[in-house]
Amino acid sequence: MKQIIDFTVVSNKTLNHEHFVLELKPDKPLPEISAGQFVEVRVDGSENTMLRRPISVHDVDYDKNILSLFIKKVGEGTRHLSELTEGDNLNLILPLGNGFTIPDSSNVLLVGGGCGVAPMLYLARKIAEKGLRPFILLGGKTKTDISGIAAYQAFGKVAITTEDGSEGEKGFVSDHPWMKQETPDFKLLYACGPEPMMKAVNDFGKKHEIDTEVSLEHTMACGFGACLTCVVDTTKGHQLTCKDGPVFNTKELKW
Amino acid sequence: MKQIIDFTVVSNKTLNHEHFVLELKPDKPLPEISAGQFVEVRVDGSENTMLRRPISVHDVDYDKNILSLFIKKVGEGTRHLSELTEGDNLNLILPLGNGFTIPDSSNVLLVGGGCGVAPMLYLARKIAEKGLRPFILLGGKTKTDISGIAAYQAFGKVAITTEDGSEGEKGFVSDHPWMKQETPDFKLLYACGPEPMMKAVNDFGKKHEIDTEVSLEHTMACGFGACLTCVVDTTKGHQLTCKDGPVFNTKELKW
Amino acid sequence: MVNLNVNIDKLKLKNPIMTASGTFGYGPEFDDFIHVDDLGGIVVKGTTGKHREGNPYPRMAETPMGMLNAVGLQNVGVDHFISDIYPQIKDYNTNVLVNVSGSTIDEYLEVAEKINALEKIPGIELNISCPNVKEGGMAFGTSCPSAQAVVEEVRKVYKKTLIVKLSPNVTDVTEIARVVTEAGADALSLINTLLGMAIDAEKQSPILSTVTGGLSGPAVKPVALRMVWQVANAVDVPLIGMGGIRNATDVIEFMLAGATAVEIGTANFVDPQVTVKCIDGIKAYMQRHGVDDVNELIGALRK
Amino acid sequence: MVNLNVNIDKLKLKNPIMTASGTFGYGPEFDDFIHVDDLGGIVVKGTTGKHREGNPYPRMAETPMGMLNAVGLQNVGVDHFISDIYPQIKDYNTNVLVNVSGSTIDEYLEVAEKINALEKIPGIELNISCPNVKEGGMAFGTSCPSAQAVVEEVRKVYKKTLIVKLSPNVTDVTEIARVVTEAGADALSLINTLLGMAIDAEKQSPILSTVTGGLSGPAVKPVALRMVWQVANAVDVPLIGMGGIRNATDVIEFMLAGATAVEIGTANFVDPQVTVKCIDGIKAYMQRHGVDDVNELIGALRK
Ligand SMILES: Cc1cc2nc3c(=O)[nH]c(=O)nc-3n(C[C@H](O)[C@H](O)[C@H](O)COP(=O)(O)OP(=O)(O)OC[C@H]3O[C@@H](n4cnc5c(N)ncnc54)[C@H](O)[C@@H]3O)c2cc1C
Ligand SMILES: Cc1cc2nc3c(=O)[nH]c(=O)nc-3n(C[C@H](O)[C@H](O)[C@H](O)COP(=O)(O)OP(=O)(O)OC[C@H]3O[C@@H](n4cnc5c(N)ncnc54)[C@H](O)[C@@H]3O)c2cc1C
Ligand SMILES: Cc1cc2nc3c(=O)[nH]c(=O)nc-3n(C[C@H](O)[C@H](O)[C@H](O)COP(=O)(O)O)c2cc1C
Ligand SMILES: Cc1cc2nc3c(=O)[nH]c(=O)nc-3n(C[C@H](O)[C@H](O)[C@H](O)COP(=O)(O)O)c2cc1C
Ligand code: FES
Ligand code: FES
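Protein chains in written order, with this note's numbering: chain V, 1 to 255; chain E, 256 to 510; chain W, 511 to 813; chain Y, 814 to 1116.
Just so you know, these hints were derived from the structure itself, not from any lab.
Keep in mind the model is a prediction, meaning the values are calculated, not measured.
Be careful, since some hints might not be right.
[Stated by the list, open to error] Sample of chain Y residues at the chain E side, in silico, Cβ under 7 Å:
no.: 1; residue: Phe-837
no.: 2; residue: Gly-838
no.: 3; residue: Asp-845
no.: 4; residue: Ile-847
no.: 5; residue: Tyr-870
no.: 6; residue: Glu-875
no.: 7; residue: Asn-882
no.: 8; residue: Gln-887
no.: 9; residue: Tyr-899
no.: 10; residue: Ile-902
no.: 11; residue: Asp-904
[Stated by the list, open to error] Computed far set for chain Y versus chain W, every beta-carbon distance over 12 Å:
no.: 12; residue: Asp-850
no.: 13; residue: Ser-896
no.: 14; residue: Tyr-905
no.: 15; residue: Lys-1034
Note that CB positions come from ideal geometry on N, CA and C, so glycine has one too.
Please work from the sequences and hints to get the whole structure.
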């Protein structure tokens, strides 16, 4: 059941000049959240952000009752969020959307680029909870774009690419050996990030007939199926990114 | 010369549930300000306050380079201002408007009611600087509406009225003995506050042929003569409250 | 206890708060957040003769205190509505109205006639003001002859409460209001969205796939209030006011201007509970002002 | 160095930033804040045949990201303008334009003719779109025949650059744009304010003395952009775009939509330096996008 919940900011960690992680504590127990689901955040005190902002669930700690969001500063709304400090309040609607398929095999590859790494940590956690160890590939422009690797390493086998080679392999995620394999053994690919990156993962999947799930970041007015603005063109016609997605198997998309 | 200046909040003192005083330090020396002039405050982080808010100068401390504003919470803008804390920034346009006449005699009466006390402290200071001691009458609904009396006492002879009698005389300012005198010796009356109060002072002045200066709180879009929205009907036709006022001799008004 | 009941023609509303078409899905989208039964009424998504895919993505742009949409009447079509949606929502204990849209008079007639047969739908809102479709829609609502024609024809086949929704994109809204009232509208609702546009300066391109779209939200409230007030002074049928409402104060303003009820649209996206908060807010306002019957507020603006 | 010069008919602007009539006084009101000479042009307060007192107080209401005004063309009248104001402002080194208003065609003619004689006023903006006066004003700008008549007549007596300012309160702005262009307008400016209304729910009364007033500010930007884009696709004269501009991004949006220059209005009240900040912002934008000549941006929206 979708809920509207008030949260308190527990911490706001600056990762680099554009990314930060908010840890939030709700005023009641967190509802059950699937990996790939998102929240709609109300940004107060900003004259140009009437609508809520959709943000993926980055991680959930049910023991501590804490929800984390991994956010990139792009405009006024996310800038305001970046300025929150401990004790500030934040109103969220959650959980929204569908979620990724949780696999039965460790032979799956999670690819995250830029703020597309956001949903990958919680996905990795959910996969690891089944006793599996997925492959996790994180891409960035430069070293400082990649952070908190230890958290991912707890759940799977991690590799990094940076465009300037300052960390891990030099290049795009699609340049990494994992995605250069002639006969890859992956059962499922997951991608979230800039569209060219997701398309590259999809091309890799297509070539080797591996299903690919992507999380789309369409603009949204409501986030819960009421406005019909967030459509994506699928084989079944227009579907709602907020309700039928944000996760789609690329076979359904006209990619 | 009017200036646009960034200020830092030095302190925000809550006086009671609706009034507070902001002490502000500019990033350069304060310009010369006359008693009765006002500032236009930019309220950030509020979705319904695009326009600046006009607020009278409550006091100026040129030695410490500090400007004080006395503000009543009435809507979203003033509520936001009431939440400012030390170190916050505030952008002001100042000084605006004309100002009160500075008298040559101690026999003048300053009457302030509600947030209309705002300009009276600085006016009293300016009069006291000439070696004079004006009469100062402050009115409120109840005791907690009146505060910082000591500051006024440094500049003149202070009397209080409260509607519930919890401090000073019981009743309106117009019920105070000073305003009940048969043959008052005042040379000039000053009033700022709710319109009925200013009208009562004006009636007193009219009866005894004493000039009365009032400070009008008309709604304003700009505060510096550009929009023509703040007009007041005078014997000379429409005049601008922000430029020709906010202080008017009631003889000029159609009161 | 204050009275919140109002009547729109034969419709009895338990309170003046309704939801605006296209912003409330079919109702169940809000079941997690509120009891839809608490509302005076809901207006479901614009429904056309055939299923419509609507416009391509992107369909939304945020603007200062407003938003543009270019959904373009995406909907399942009247037959699918009747077979699949209606059974799910017919037992809401509130007035469930259908927003009837079309590209041709025949399409309006088809939909109106089919909806007329649905026992639990006590009225329709005739959408002659959608700015987001190439044919029909707003074109009907911005000229007197075409507005008159479509309303007259629909009136012949539709027997229950016929509400006509007016476009704000006109020189004189009272002209259209008079014409459609004479043509048989039982009530009027206004305003639909204002035609607007948003540009991405960095990409140097329009944000919406359709270039222009419909503006809604608090930004349009002053225009909406003005039109409700103008129309209230021009015609005698009940009005449903809307445009930028997000709290009880806004509701009261529309009622004072002459609206019998209101619809809340965009604000549902920001706060899915805004409707029930408005109901509570109206009660508090009435108590504060000693108003026993909400009907006393309708058109009560002091002049 | 990037080129910011643009031309509006015979007017040469050093940059596309102008100020909107009624929001910039006569210019000197801003001398403390900016160098007026830095601007592409200024348009002074609407000027009529006789001195006007305008409407009673209150004349202003704040709305979500906008404001309503009901100034009602308060001004000193053309003769007093010529004798007292003109000498003070004629030496600004920028285009000083007069916004010409009236209640009758004769009044427009009287003002236009007198202003035509002023050496240092290179153009007028004909205000056929003021919503705040009972007679004339907007009435001229919302019907084709009357818009045509007033422009044709003024064209006969006014020899310099004639800019006609359009009302957004119309069903089809392109119709009026075509008519006034054919009647002799050298350029068009748009939009004037949208007719709106604000109510004080506590006092249960209108906020403005005139009940309705003109809406301006960021709230109206989407409507303004749409109209500029529509008119740019309909006529061939240069356009001056306005409505809600408060930063360089907004300016670029209007230029991409088809405006050669812009006027900034309400934003001057919030930040009296907004105009010069916009000029700097345009330069920064051009450098970032590798645009050498600002004229390249005019109507450059990718479709
Ligand atoms: C399902 C979903 C999950 C997301 N998860 C994350 C996440 O975990 N971390 C993260 O940093 N970002 C995420 N995003 C993107 C995030 O929503 C946008 O970056 C944010 O809304 C921009 O708001 P703003 O006010 O800062 O920028 P604005 O000033 O509103 O816009 C800046 C830019 O962002 C684009 N944008 C605006 N609104 C949206 C929107 N609703 N969706 C996508 N792009 C938008 C604009 O077109 C513009 O180009 C997600 C988006 C979706 C739809
Ligand atoms: C020259 C001048 C000096 C002033 N000095 C002081 C002062 O020293 N201390 C103080 O507390 N207040 C002062 N005021 C009044 C103050 O400007 C308003 O209370 C304030 O603007 C309200 O803003 P808001 O956002 O809180 O309320 P809003 O939500 O905007 O409005 C709440 C109520 O205040 C009224 N209001 C809104 N704007 C204004 C305005 N510009 N002027 C007057 N009333 C308005 C509204 O009509 C409404 O009834 C002064 C006003 C003027 C014109
Ligand atoms: C996303 C969206 C979709 C809409 N779809 C419809 C529709 O299908 N039919 C209709 O008559 N109005 C439609 N509208 C207009 C609203 O019903 C309403 O008239 C308008 O949004 C103004 O109200 P608001 O400011 O409260 O949103 C839509 C509005 C939005 C924002
Ligand atoms: C207070 C005020 C007074 C105005 N007076 C005039 C006027 O005299 N003549 C005119 O053509 N437009 C007048 N306008 C309209 C503006 O010139 C401009 O068209 C409108 O405000 C939209 O621009 P903005 O959103 O940048 O303010 C006035 C606007 C305001 C806010
Ligand atoms: S965002 Fe509203 S339906 Fe998807
Ligand atoms: S407030 Fe603008 S002229 Fe006075």
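What hint numbers does the structure not satisfy? 4, 9, 10, 11 and 15
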